[in-house]
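*Asks:* Respectively, the protein sequence lines represent chains E and S. Every letter in the first sequence is one number past the one before it in numbering that gives the first Met the number 0, and letter 74, counting from 1, is 73. Every letter in the second sequence is one number past the one before it in numbering that gives the first Met the number 0, and letter 84, counting from 1, is 83.
Because the hints were derived from the structure by calculation, they are not lab data. In this text, all values refer to a predicted model and were calculated from it rather than measured experimentally. The beta-carbon is built from N, C-alpha and C at its ideal position, and this holds for glycine as well. Heads up, a few of these hints could be off.
[Claimed, not checked] A short, non-exhaustive set of chain E residues, derived as facing chain S with CB atoms under 7 Å:
hint	residue
1	V237
2	G238
3	F241
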Amino acid sequence: MGELATAAGQEVIIEIGRMPVQVRSESPEFLRMLEGRYSGFLSPGARPVFEFDVELVAPGRITEEDDVAVRFESGRWLIKRGDLFAEWEPMSRRGRIVQSPNPYSIDTALRIIHSLILAREGGLLVHAASAVRNCKAFLFAGISGAGKTTIARLAPADATLLSDEISYLRRNGRGYVAYGTPFAGELAKVGENVQAPLAALYLLQKGPENTMEPIRASEAARMLLENVLFFAQDTELVGLVFESACELVRHVPVYRLTFFPDQRVWEMIA
Amino acid sequence: MSPLYIARSTAVAARSMDGEMMIMSAKDSTLFTLNPVGTVIWQSADGKTPLAEIVERKICAEFEVDSVEALKDAESFVNNLASHGILVVSDEPISFPKRAQGAER
Numbered sequence: 000m001g002e003l004a005t006a007a008g009q010e011v012i013i014e015i016g017r018m019p020v021q022v023r024s025e026s027p028e029f030l031r032m033l034e035g036r037y038s039g040f041l042s043p044g045a046r047p048v049f050e051f052d053v054e055l056v057a058p059g060r061i062t063e064e065d066d067v068a069v070r071f072e073s074g075r076w077l078i079k080r081g082d083l084f085a086e087w088e089p090m091s092r093r094g095r096i097v098q099s100p101n102p103y104s105i106d107t108a109l110r111i112i113h114s115l116i117l118a119r120e121g122g123l124l125v126h127a128a129s130a131v132r133n134c135k136a137f138l139f140a141g142i143s144g145a146g147k148t149t150i151a152r153l154a155p156a157d158a159t160l161l162s163d164e165i166s167y168l169r170r171n172g173r174g175y176v177a178y179g180t181p182f183a184g185e186l187a188k189v190g191e192n193v194q195a196p197l198a199a200l201y202l203l204q205k206g207p208e209n210t211m212e213p214i215r216a217s218e219a220a221r222m223l224l225e226n227v228l229f230f231a232q233d234t235e236l237v238g239l240v241f242e243s244a245c246e247l248v249r250h251v252p253v254y255r256l257t258f259f260p261d262q263r264v265w266e267m268i269a
Numbered sequence: 000m001s002p003l004y005i006a007r008s009t010a011v012a013a014r015s016m017d018g019e020m021m022i023m024s025a026k027d028s029t030l031f032t033l034n035p036v037g038t039v040i041w042q043s044a045d046g047k048t049p050l051a052e053i054v055e056r057k058i059c060a061e062f063e064v065d066s067v068e069a070l071k072d073a074e075s076f077v078n079n080l081a082s083h084g085i086l087v088v089s090d091e092p093i094s095f096p097k098r099a100q101g102a103e104r
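Given only the sequences and the hints, what does the whole structure look like? Please build it.
*Replies:* Right under this line is the structure:
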């Protein structure tokens with residue numbers, strides 16, 4: 000499949016969360032790297048929602064920003080980080096990405112692009128692990144060290160990992176659907192490209208025994224917002240993300256899950 | 000002393016959940032949760048009603064607190080929120096222009 004994709008037009012189409020994004024480059028090596036990294040998420044025949052040209056430059060500093068900066072200026076979105084510059088116009092649905100030939104910069108660009116588009120559609124990218132079991136999706140959020148990677152690693156054979164790092168949620172009527180992502184964390188394991196209705200959100204913490212308790216919507220919203228990936232300094236979109244998080248905790252059960260790190264915790268899930 | 004007027008900033012998103020007012024600053028994504036007294040002040044911040052009147056009519060009446068002490072606390076509270084860009088505080092009535100439609104983003 001990789002040979003076909005590059006030979007056809009020096010492009011790959013990466014589809015995450017039902018959103019195909021076309022990435023073009025003059026470098027076959029770079030495209031092959033993308034095909035390997037996003038292998039479960041390639042949709043060669045899909046009609047792209049956004050198109051990006053990648054301009055590869057020598058490794059080194061591209062912009063002055065140490066931290067990622069995302070803002071809307073003169074009709075286009077700008078992403079700046081030391082190793083990355085990206086810009087695109089929502090109207091034309093085209094843009095460009097300037098980076099060295101490495102997988103991390105474009106991974107960052109894709110996360111940010113998806114987070115901005117999802118914000119308008121009532122969806123969220125959440126710093127959380129997620130998995131599907133018995134046709135239902137479960138989300139596990141928490142601060143660093145709370146156990147996201149651990150619970151993903153402990154998942155039983157009948158669970159399908161959507162992500163151990165970045166979970167992808169889309170609004171669907173009154174509920175939400177969780178999608179697999181190729182955005183891997185410590186497990187360095189790409190999620191499966193599947194989707195399922197979100198059945199519950201667990202806010203994780205490790206403890207001496209397994210307990211689960213529902214939490215109030217206000218606390219749930221606060222904790223969810225702490226884990227939402229959103230970088231744009233944009234009044235309107237921040238408001239939309241806030242509303243989405245509040246809506247999600249109104250429609251999806253949220254629990255505090257304290258767990259002892261062994262496989263028994265999964266007996267409480269699904 | 001001239002009266003203080005307070006108005007909710009337009010650069011915030013807010014929602015009441017479980018009786019608490021949650022407010023997020025759209026500038027820096029900082030999240031604030033107000034207690035019931037703070038929530039009443041927030042909801043009354045229309046830019047036209049002086050803070051002293053809000054305290055007298057709503058805070059003292061509802062929470063049975065001393066008006067002098069309550070006004071002092073309220074002034075401290077609104078100044079704190081104003082420092083985060085959540086409220087606008089002025090010694091004159093406040094009105095905001097209507098928001099323009101944004102471009103597609």
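*Asks:* If a hint holds in the structure, say so; if it doesn't, say that too.
*Replies:* Verification of the hints:
1. V237: 4 Å, holds
2. G238: With Cβ-Cβ at 4 Å, under 7 Å, it holds.
3. F241: OK, holds: E/F241 within 7 Å of chain S, min 4 Å.
Every hint from the earlier list agrees with this structure, and none is contradicted.
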